[in-house]
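Protein chains in written order, with the working numbering: chain A, 106 to 274; chain B, 5 to 511; chain C, 38 to 749; chain D, -17 to 84.
Quick caveat, the hints were computed from the structure, so don't treat them as lab data.
One or more of the hints may lead you astray.
Claimed, not checked - Label-pair restraints from in silico Cβ distances: (1) A/107 / D/80: 29 to 37 Å; (2) B/491 / C/645: 32 to 40 Å; (3) A/214 / C/720: 29 to 37 Å; (4) C/636 / B/395: 38 to 46 Å; (5) C/688 / B/395: 57 to 65 Å; (6) C/738 / A/218: 17 to 25 Å; (7) C/581 / B/293: 53 to 61 Å; (8) C/702 / A/214: 47 to 55 Å; (9) C/49 / B/380: 37 to 45 Å; (10) B/31 / C/49: 50 to 58 Å.
Claimed, not checked - Restricting the straight-line Cα-Cα distance to at most 27 Å, the calculated cross-link-like pairs of lysine-lysine (DSS-like) are: (11) B/505 / C/117; (12) B/453 / C/667; (13) B/453 / C/117.
Beta carbons are placed, not taken as given, at the ideal position from N, Cα and C, and that holds for glycine.
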Amino acid sequence: MTVDQIIFLVIAAGTLIAAFRVVTTGNLIHAAFWLIAALFGVAAIFAILHASFLAVVQVVVYIGAISMLFIFAVMLTRKDMRDQGPQLNRNWGFGAFLAALAFAGLVFLVHGWSGVAKTASAFPSDFDAVGALGNALVSPDAYVLPFEVASVLLVAALIGAVYVAYNRK
Amino acid sequence: MDFISTHFLSLILFFPALAAVFMLFLPGGENKLFRWFALGASLIPFLLSVSIWFQFKSSAPGFQFQEQYEWYEALGSTLHLGVDGLSLTMVLLTTLLTPLAILASFNITEKVKAYMMLFLFLETGMLGVFMSLDLLVFFVFWEVGLIPMYFLINQWGSANRNYASMKFLIYTMGGSLGLLLAIQLLGVLFGTYDLVALTQHWTSLQPDSTLLGMSVSQVKAIAFWAFAIAFAIKVPIWPFHTWLPDAHTEAPTAGSMILAGVLLKLGAYGFLRLILPLYPVEARYFAGALALLATAAIVFGALSSFAQTDFKRLVAYSSVNHMGFVVLGIAAAGLASGTPDATIALNGAILQMFNHGLSAAGMFFLVGVIYERTHTRNLEEYGGLFTLVPVYGGILIFTSMSSLGLPGLNGFISEFLVVRGSWPLLTAYTVVSMLGLFFTGAYILKALKKVLHGPLNERWAHGEHKLTEINAREILVMAPLMLLMLWIGVYPAWILDVINKAVMMLF
Amino acid sequence: MSTETIIWLIPLPPALAFFLIVLFTNRNKALSHTIAIGAALLSWLGSMIVFARALGVERLGERPFTSSINWLATGDTWFKIGVLVDPLTALTLFFVAWTVLMIFIYSVGYHNFGQPEGDHDHKGLPPHGATVEEHGSKHVVPSVEPMYSRFFAFIGLFAFGMFTLVVSDNLLTLFVGWEIMGLCSYLLIGFWYGKKSARDAAVKAFMTTRIGDVFMLLGIAYLYSVTGALSFREIFTETTLHTLQIIPSGVLGFSTAGLIGLLLFIGTVGKSAQFPLHVWLPDAMEGPTPVSAMIHAATMVSAGVYTVIRMFPLLSLDTQTMSVIAFIGAFTALFAATIALAQNDIKRVLAYSTISQLGFMIAALGIGAYIAAVFHLITHAFFKALLFLGSGSVIHGMEHGVFHTGKHEVDPQDMFNMGGLKNKMPITFWTFLIGGFALSGFPIVTAGFWSKDEILADAFAHNLPVFLTLAVAAFLTAFYTMRQITLTFLGEPRTEEARHAHETPWTMTIPLIILSVFAIGFGWIGIPEHFPLLGGLVPNWLHEFVGGTLAEHPEAVEFSWTPLLTSLVVALGGLGLGYLFYRNVNSPAEDKLQLGFLKNKYYVDEIYNAVFVKPAIWFADKVVYQIMDKGFIDGILHLFGPGTQGIGDGIRNYFDLPFINRFLGDGSANVTYFSGEKLRVIQTGRIQQYLMLALILFLAIGAILYFFVFSV
Amino acid sequence: MVPLSWYLIFSAALFSIGLFGVLSRRNLIAILLGIELMLNSVNVNLAAFWRYGDVTNITGQVFAVIVFAVAAAEVSVGLALVISVYRKRNTVIADEIDMLKF
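With the hints as extra help, turn the sequences into a complete structure.
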């Protein structure tokens, strides 16, 4: 077991625990914070994977923006959602079963896949992943179109969110 | 003028329909305008057909004034028009009777516009049958004539009109079914519907070859009966005649005039134009049966007529009787096509068609005149009217005598020719049909006796029901008919010559 | 003008008169009768010119006046019509023109022209008289006929028909004239259509003669189809006649000529009122008395005989046909004469005597006595016309008496109401007497004697039974004629009306006088050459003239005393006995011959009614119309309606409703509804449950794909 | 060196946890939280496949970036809806928002 592996396992375990807390904790504020914890864990995983740009974006967008949104939303709707009543619905057992089944299925698939034992290749010496990503996103030969569509989607979502949540009184 | 002289037939044919369409755009409610417009529109075809009557070269073979236009290329059907002596006679009859019928219906006050339009459409339908030399077009016009008549009976008829119009429609439609199939059969076999071409193809078929998996003679027999039944219903030949009294009785006066005057002729025309030329062998084979039915029509028609108490019904049955002679002549011609006897019989049959057109139209009109005044058709309720309406009485006697076949008037000539022609060929049937001729006299006299003679029914003499004399317009309707009856009776050569030459060339 | 043109023109004036009167002048009585009489006069003039010119032609029989035009197109050839004047036509024209003219003039007086309009007269009924004030007192005088103009129109048309018939050179136009007369007789008999008896008589006359006409038409058609011609000149050639004679017709052993002849003869039986179609003639007396009756009796009925004479060359080819003709003629002569014995109506007696006399002619033709028949036809036309006009005059005089007394129930036609009119109506009496004696065959002076004697002589020479029958008939004729004269004119007036009878105006008596001249004088043209004393004084012109009509000249029969004596005995004996019998008879009760079966004309009418008329009406109405048309044919048609509806109902009830509607239609809806009903519980509206289901499905599909599809 | 399968299993576990949250939480916001977890697990996968495949092919990262964008959009709209629903019906319980029920 190498250091890498140990680090990975620790981070992964933390992340999973945090994630578990997200879906089980009664207090939504706590859940939101647990989410932030889980997102940090994922950002760390990105870092381990040398996806530095993703890790940064994970922290900035998810933790900085999305989680904040959640917290605000929870606070806005919190009035009667304190801690009363069950946080899980009547079918949570069945949900858990399905989730487990999905997990089992995925593990089974991963287990049966030949490429699972691949090891990460070494980074080319002069390879600049962030630069390559930036080029790919704006290059007409590559992904400028999906990128633009995504931006349009964001604008649309923005306008839509404003419209839907706008209080017409 | 060039256009007119090269398009005589299509002008005659389509003018009434175009006028009817034009009428659609006339302002509503102007009954007087509609009447005069329709009359004028029907007079123009009449004048044109008189004009082609004089231009017609009776000695020239084949069809004259031919016109041919593309119509339904995919099926090989063209709008092919043309007349010979046979159809020209019928065209003249149609264009003559239509204005008279329209003039006769000037007293219609309900839905005048629709009425007049239907009449004009009807004229186009009838003329189309007589003029078309293409079987598909023939069939189209055949059906076109049916619809306006249905509505005329159904909308302007008397009490039992729904029953009568439905019976008329369904009966004739039933016949048309076979007609259509037979026409399709011909079309499929030869790829053309043109009558002239068909006649050549059809008669040159080898009898031992096969068509559609049947022998030619079988196919021909089937097609023959399909045609024959369609036309027999229209004529009508006994026992397909029972629609006729109902339809005639319930139709409005002018409707009955056209129905008896022209529509019945369509069937006989079909026999002459299609059955005899296309099926000479079958016609000979079945001539006996046809003659039997004709005799039955003559005898039973006369007897039924004699039994009626309804004046109009009596006249209606007389049509069965008279058309029986047409069929008898056709049967004789079918039996011995080409012989002098057959020619005479056919001359008689065709002239009888024309004559019956005149006399039946006249009789129905006269019934209408009296019905309009008395609102009854029951013979028992008339009586002694001669005193009140002498002019009407005179006209009625004159027309009845024409219908009865009094020598010196038109009916006799044609009946004599038919009897003369069929005597050597169908002796027994001719003898029996004389019984019908005898009863013809009986029912005509019965009608005269009940209507004009007899004790005066005082109801019509005074007060609100006082009978008024026939008026100038009505006399105007009768005058041309009576003139023709007398003219043909005294000097038939002018029309018979044309018919005779046509018959000589056709058969 | 050429003779042919005149012949063409002869029939036209009366026809023109008819149209003129009907169309224009029917409101003006004077103008109408002027036109009609003018037309008759023109025709008379034409006939006389033609007659005169015909006399001037040598051997007219071989070279008659003819002319023809195309009329009907028949295949390659034309059927021609034309005119023909041969000796027979010329003679017939002569008497027809005379009698027609006389009738026209007589009608003016008979219909009371110049008299006031009646008080209560109606069109369609005889005039009832008008009240006039004269010298301060009211009395009733005859009133003018309300339909005066119409009457002249009708007889004009009638004259047209008769002339057409006579001048025709072919059977078809002859038939045209024949039928036009039939129509006129119908119209004239039914002239007073207000009377039921007149109406019925009109229809009866038309229908009875039509039976004959229908057969005649067949005969014409038959003849035409065999010979290809209807013109007399073309038929009566030797080859044609020979052909007709040798071809058998296939019916009862008749030759073609025989059968055609028989068919044509049936036409004559109808028109000339021979047994068994004689029934219409007595009833025809319902027409305006006696003018139209006279038309039927004296003129029109001769058309039948005329036709038989015309067709004689054809008829004489078959002995069987000739026997039939002879039998019918002789039988009718006797049969009608016996009925005449018991009639009391002055016109009916004459009607039956007409039937009987026509029987004489037919019988004469049947035994081949062609010229005798012609002779009798002509003399009979004159004296019978005279008698009818005379009887009309009598009735008119009697009506005068009826108007005077005002007792309208008295029948002015019943001879037992008359008597002693000799002094009241002298002209009528004497002319009637001449006519009656001519009818009886009073020897030497009357025309009837000569013609009847010739028939008897021929019959004696050829056929003894016919001779005997005719002799008896002749005796009866003389007897009933004298009965009539005695009852009418002799003795004392039996009623008040007869006492006040009045001679008729000049328009009626002048024709009587003219006709009586012919009734006497016309016999002298045909005195047989070998007749004792008189024979040879005047040449037998008639025999020469008429005999030329036929191809072979008929031989005159040998003179024999037996028929001459017979005719003398029967004529004088009949007249004498008649006078003796009825001299003192004053009422029907005293008349010993009023036997039931004679009075009722042997019940022939009743038998016909029961055997033919009623069954025919029953058959037409019940069998043909009600049962066959309404019941059977329409019944079948009406089955189509319910039948189609039944099929429709069947399809609906047993296929559409259970299968299509319930099973397929409702069924699928029900299944959908049911499953929806059951499945809707999963539509909880809870998004997480949807998601779960989707997930289950996804997993299931994924598993299936993985294990069963991609693994292969 | 961490094998690829570890990442995959981690990602699957994260996904399943998120799925459980989505399926079982009553609160709408909590459901959205679960969705975020699932999206993150996808991103982990994408990054891992990039890393263990051809690193010069940057597609995996591009996808992840777009997933970020989509997640942002989704959250913003989703939360807006939650707030809107909350305003109208005064609840954020998923089970109570069942207007589409039969």
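| message | Holds or violated: residue 453 of chain B and residue 667 of chain C, Cα atoms, limit 27 Å. | response | holds (25 Å)
| request: Assess, step by step, whether the Cα of residue 453 of chain B is no farther than 27 Å from the Cα of residue 117 of chain C, and give holds or violated. | output: Roughly 36 Å between the alpha carbons, so the hint for residue 453 of chain B and residue 117 of chain C is violated.
| Lying within 47 to 55 Å: is that true of the beta-carbon distance residue 702 of chain C to residue 214 of chain A? | holds (48 Å)
| task | Return holds or violated for the Cβ distance of residue 636 of chain C and residue 395 of chain B against the range 38 to 46 Å. | result | The hint (38 to 46 Å, Cβ to Cβ) holds, given that residue 636 of chain C and residue 395 of chain B are roughly 43 Å apart.
| Status of the given 53 to 61 Å range, CB of residue 293 of chain B versus CB of residue 581 of chain C | Holds: the Cβ-Cβ distance is about 58 Å, inside 53 to 61 Å.
| message | A range of 57 to 65 Å was offered for this pair. Does it hold for the Cβ distance of residue 688 of chain C and residue 395 of chain B? | response | holds (59 Å)
| field | Distance restraint evaluation - residue 491 of chain B, residue 645 of chain C, Cβ atoms, bounds 32 to 40 Å | value | This hint holds: roughly 39 Å between Cβ atoms.
| message | Can you tell me whether the CB distance of residue 49 of chain C to residue 380 of chain B sits inside 37 to 45 Å? | response | Because 42 Å falls inside the window, the suggested range holds.
| Holds or violated: residue 505 of chain B with residue 117 of chain C, Cα cutoff 27 Å? | holds (17 Å)
| query | Are residue 738 of chain C and residue 218 of chain A spaced within 17 to 25 Å by their CB atoms? | reply | holds (20 Å)
| message | The hint says 29 to 37 Å between residue 107 of chain A and residue 80 of chain D; measuring C-beta to C-beta, is that right? | response | Check failed, 52 Å falls outside 29 to 37 Å.
| Honestly, do residue 214 of chain A and residue 720 of chain C meet the 29 to 37 Å range at C-beta? | Cβ of residue 214 of chain A to Cβ of residue 720 of chain C: about 32 Å, so the range 29 to 37 Å holds.
Checked against the numbered hints given earlier, this structure breaks hints 1 and 13; the rest are met.
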